[in-house]
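Asks: For reference, the chains in residue letters:
Number of protein chains: 2
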Amino acid sequence: MSAATRLRRLDEEREIIVLERSSEVSFANCGLPYHVSGVIADREALSLQSPERLAARFRIDARVRHEAVAIDRAAKTVTVRRLDDGATAEIGYDELVLSPGAAPRRLANAAADAPVRTLRTLDDLDRILTDLDDVPPAGSVVVVGGGFIGIEMADNLHRRGLDVALVQRGTHLLAELDEEMASPIADHLLGLGVDVRLGGAVAAVGVDHVLLDDGGRLPAALVIAAIGVTPEASLAADAGLELGASGGIAVDAFHRTSDPSIFAIGDAAEKREAIDGSGTLATLAGLANRHGRAVADAIAGGATPARPALGTSIVDAAGLTAASVGWSERVARRRGREVRVIHTHPFSHASYYPGAVPLSMKLVVDAHDDRILGAQVVGTDGVDKRIDVIATAMSVGLAASALADLELAYAPQYGSAKDPINMLGYVARNLASGEDRVIQWHELDRELAAGAVLVDVRAEAQLAEGRIPGAQWIPVESLRERHAEFTGRRIVVQCRVGQGAHTAARLLSELGHDVVNLDGGYLTWRDGRRARALAELPLAA
Amino acid sequence: MSAATRLRRLDEEREIIVLERSSEVSFANCGLPYHVSGVIADREALSLQSPERLAARFRIDARVRHEAVAIDRAAKTVTVRRLDDGATAEIGYDELVLSPGAAPRRLANAAADAPVRTLRTLDDLDRILTDLDDVPPAGSVVVVGGGFIGIEMADNLHRRGLDVALVQRGTHLLAELDEEMASPIADHLLGLGVDVRLGGAVAAVGVDHVLLDDGGRLPAALVIAAIGVTPEASLAADAGLELGASGGIAVDAFHRTSDPSIFAIGDAAEKREAIDGSGTLATLAGLANRHGRAVADAIAGGATPARPALGTSIVDAAGLTAASVGWSERVARRRGREVRVIHTHPFSHASYYPGAVPLSMKLVVDAHDDRILGAQVVGTDGVDKRIDVIATAMSVGLAASALADLELAYAPQYGSAKDPINMLGYVARNLASGEDRVIQWHELDRELAAGAVLVDVRAEAQLAEGRIPGAQWIPVESLRERHAEFTGRRIVVQCRVGQGAHTAARLLSELGHDVVNLDGGYLTWRDGRRARALAELPLAA
Chain A
1 MSAATRLRRL DEEREIIVLE RSSEVSFANC GLPYHVSGVI ADREALSLQS
51 PERLAARFRI DARVRHEAVA IDRAAKTVTV RRLDDGATAE IGYDELVLSP
101 GAAPRRLANA AADAPVRTLR TLDDLDRILT DLDDVPPAGS VVVVGGGFIG
151 IEMADNLHRR GLDVALVQRG THLLAELDEE MASPIADHLL GLGVDVRLGG
201 AVAAVGVDHV LLDDGGRLPA ALVIAAIGVT PEASLAADAG LELGASGGIA
251 VDAFHRTSDP SIFAIGDAAE KREAIDGSGT LATLAGLANR HGRAVADAIA
301 GGATPARPAL GTSIVDAAGL TAASVGWSER VARRRGREVR VIHTHPFSHA
351 SYYPGAVPLS MKLVVDAHDD RILGAQVVGT DGVDKRIDVI ATAMSVGLAA
401 SALADLELAY APQYGSAKDP INMLGYVARN LASGEDRVIQ WHELDRELAA
451 GAVLVDVRAE AQLAEGRIPG AQWIPVESLR ERHAEFTGRR IVVQCRVGQG
501 AHTAARLLSE LGHDVVNLDG GYLTWRDGRR ARALAELPLA A
Chain B
1 MSAATRLRRL DEEREIIVLE RSSEVSFANC GLPYHVSGVI ADREALSLQS
51 PERLAARFRI DARVRHEAVA IDRAAKTVTV RRLDDGATAE IGYDELVLSP
101 GAAPRRLANA AADAPVRTLR TLDDLDRILT DLDDVPPAGS VVVVGGGFIG
151 IEMADNLHRR GLDVALVQRG THLLAELDEE MASPIADHLL GLGVDVRLGG
201 AVAAVGVDHV LLDDGGRLPA ALVIAAIGVT PEASLAADAG LELGASGGIA
251 VDAFHRTSDP SIFAIGDAAE KREAIDGSGT LATLAGLANR HGRAVADAIA
301 GGATPARPAL GTSIVDAAGL TAASVGWSER VARRRGREVR VIHTHPFSHA
351 SYYPGAVPLS MKLVVDAHDD RILGAQVVGT DGVDKRIDVI ATAMSVGLAA
401 SALADLELAY APQYGSAKDP INMLGYVARN LASGEDRVIQ WHELDRELAA
451 GAVLVDVRAE AQLAEGRIPG AQWIPVESLR ERHAEFTGRR IVVQCRVGQG
501 AHTAARLLSE LGHDVVNLDG GYLTWRDGRR ARALAELPLA A
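Protein chains in written order, with UniProt numbering: chain A, 1 to 541; chain B, 1 to 541.
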């Protein structure tokens, strides 16, 4: 619809026909899960456009329940099936825009009569709501898949009062995040009473249960499969259009396929990834909307090339927000990058003003050129702001150290005089210059095994939160007196979040010691340990 | 304190002495107004550091109630007066960092016994609280000055239950904003019962009242003067250091004054402005903190030059948030720039998800090179995020049109698939390409006087909000039938916020008409008209 309405604004004369297989020409797909709980009470709020309005306002001929079933590129025609009566017809085109989206993956091992549903369209939502009418209050449902849709569905089914299990094949929820960043989300859902099962592959789905391959048996009056999507590329492939390695329709920077009269956009089209230019699906609403608009410009003759995709994303996990942009540490390492990793735990705004809440932040930086490769933020208030600022910085190639110099708005209700974003920049700068040296939470056991001493420099009042086994407690203020105890040994310093330990590490370094800071402090170590425990994995990598 | 603690982290050996005239070595000055109302209930929360802690943690010798009264640059000494007993002494220095801040301006025409207070330090706060003990419940106080501090004090005195008048000499509150952006703030305060007086110069202050030069008489058991600050540059000037045109101490990009052994930072030092490099005071906490850290780097030998100041700022005006960065339209025009101006009124997040609230946004763009010169955002939720994204974009010189391509995090709780920031970019791009042509709210009367016809293209249900005199109502959907009525006339199209009118303008332009869109639609015109009414000025510029 972005393409069609934009094209009309650019050209009053052109004939514009929209073919849509479902019964809705434009709907709020990101809002669908929230109608399950009633957070979005009015189903009509999810329906954004109608063929009547498109005709009246934009002179667009939008035909719902019409499926494009074949393309004849030589004749420049599309074969269209009218779903209500099965009749087919040919429609000619000068330019054809493919925007068929992506189809939910199906669970491989479900019985034919198993109550498995996927969620993509308003029609799907209506079916799920009908099914839920037959589920008793507090009945059991299983959501398979711990990504955005899986978490949102688990949240909203739980809000509806149902007994919800969330099964995730991977070691943590939200594959976009690294494990230690994701573990608070699993903990939060567990705390609400959602039965989160990590590393849980589905062995079978029966009429009233889900069997896991570890032998677990989850009762299930309804199963929601939210295990990802595949681009709807078959129409394009059948017409001989090239596909990319991702399985999406291959396009150039102007969204043109291998046939110059055919364009492809949205979840069906392959995008370029911002960091290394590789092909990616990046099935995100923002990109789909932008490319829809851009393809109209391309057709009308005034296009600018598409920028590669950073993949900025965010999800509300039952009140806890998780956001990410670019690469995770895991992806960066898998792709062979040497990285610097930064964890911080700042407050959302000045701690002296009421309502400040903790954030958990992670920055992944290319060790060779200080480029920001990715970021993750988890918390409640202020998560979206910080990920958007980092996404903006990444889109213009700002170095990690340069985050220190961003002039962000400060009053105590909104941030800090040194905003959490600036602090990431300071840490990045200290790491780039070698002023600070750090180890990661999963490297601690190796350091200790190699003979390093772990010094916990927190204030006494902070110790109650928990202690890392083997740590010796010496507050920063006592280090000047006691540092000689460690002469000749490598020292790992550790505080609650990494900041006091930075002061301690500087002091010990100035006093001639070999010292490293445990990045992110006790909190990151705790989150990492918890992630490994949830996934039933050992702490050391 | 940023400078002192950073320097200690860089150098364990150096002797570091801090001289502080007040009794607090480091306090949350941006939080002071909120203790007046009890929003920040605990006074101790405002005190961030103590000499004892600085000594124990950083081996810093911090001396409160010690005033530096003279500098002997040749001898490299500072004369220090101990305020408790008046004793003076000389302290030698290798490097001297001046960070004396800025002093509140005094009301010129107050009687000697008038109860006028200013707010800068915790000591000032304590005096105001003592004074307030003598003000009866619901007694009258007058705040003079409609900037950040004035608005925050008016808000918090009002929350305390007092009868508050807010007197602003200028035509609108918050000089950083343009008048039409600021008028909702005055309206909001008026709605809460604060007696906002715009264009109100103080003629005299007596023991129990304030007289305005329009003859108004405001009862006042206490008067808060918040009419700006002047840099505390006299110590530097007396020592023969150069001052800048702004009155601040002149420094280079490494915060070095005209004496290479003396540095100056904070509100007393002049900064470079980001847009045209001119000298500015930019008395903002973020810059002060950053420069404090940077001066330590400079002294220790590892500095990077200071970036020029954008002046990003934000204020909570009794629940309504106003933020700005860079230049206002007024400043840009005064400095001779030809600008494109964009007003939008988006929702804070997807309107189909509960809790979406309106934002009012303004972007000021250089007409020659599409550079962003400034932005203003007013609303409740999501204001800080949008100003921070624009500030980040400005800091790297991103073109206004490029805002369209930023990949911002979208889920319906946080934003829109086309975020308000992206929409600003689309409008900027349409203006840059000439696809869209606009006039501003204050240009409408001139257009109509010159014979243009004003066409209101809103949906019928939107008309109840108000109508612009002289507008003819034709909804977008009827324009294709009726456009011939305007053949040969210039057309101004207008909707609620500018977006439907963009569709109408494109349509009419495609049909061969001379058409311009009223930027920001009815809402911006209404805010502009209201601003002029509040200031008792005519609507036409």
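Treat the hints as calculated values from the structure; they're not laboratory data. Misleading hints may appear alongside valid ones.
To be verified - Simulated restraints, written as ranges between beta carbons of each label pair:
# : chain 1 : residue 1 : chain 2 : residue 2 : range
1 : A       : 136       : B       : 459       : 40 to 48 angstroms
2 : B       : 228       : A       : 52        : 53 to 61 angstroms
3 : B       : 319       : A       : 203       : 48 to 56 angstroms
4 : B       : 276       : A       : 304       : 27 to 35 angstroms
5 : A       : 55        : B       : 473       : 51 to 59 angstroms
6 : A       : 354       : B       : 217       : 53 to 61 angstroms
7 : B       : 123       : A       : 482       : 32 to 40 angstroms
Stated by the list, open to error - A few chain B residues that don't get close to chain A, going by computed Cβ distances all over 12 angstroms:
#  : residue
8  : 21
9  : 230
10 : 294
11 : 309
12 : 452
Every value quoted in this text rests on a predicted model; they were computed, and no experiment measured them. Where is the CB? At the ideal position from N, CA and C, for every residue including glycine.
Asks: Each hint: holds or not?
Replies: Hints versus structure:
1. A/136 x B/459: 40 to 48 angstroms: Given range 40 to 48 angstroms: holds, Cβ gap about 44 angstroms.
2. B/228 x A/52: 53 to 61 angstroms: Because 57 angstroms falls inside the window, the suggested range holds.
3. B/319 x A/203: 48 to 56 angstroms: Holds, at about 54 angstroms.
4. B/276 x A/304: 27 to 35 angstroms: holds (29 angstroms)
5. A/55 x B/473: 51 to 59 angstroms: Violated - the Cβ-Cβ distance for residue 55 of chain A and residue 473 of chain B, about 21 angstroms, lies outside 51 to 59 angstroms.
6. A/354 x B/217: 53 to 61 angstroms: violated (37 angstroms)
7. B/123 x A/482: 32 to 40 angstroms: holds (38 angstroms)
8. 21: About 21 angstroms separates residue 21 of chain B from the closest Cβ of chain A, which puts it past 12 angstroms; holds.
9. 230: With a cut-off of 12 angstroms, residue 230 of chain B remains clear of chain A, as the shortest Cβ separation is near 22 angstroms.
10. 294: With a cut-off of 12 angstroms, residue 294 of chain B comes too close to chain A, as the shortest Cβ separation is near 9 angstroms.
11. 309: violated (7 angstroms)
12. 452: Holds, because the least Cβ-Cβ distance between residue 452 of chain B and chain A comes to about 22 angstroms, which exceeds 12 angstroms.
Checked against the numbered hints listed earlier, the structure breaks hints 5, 6, 10 and 11; every other hint is satisfied.
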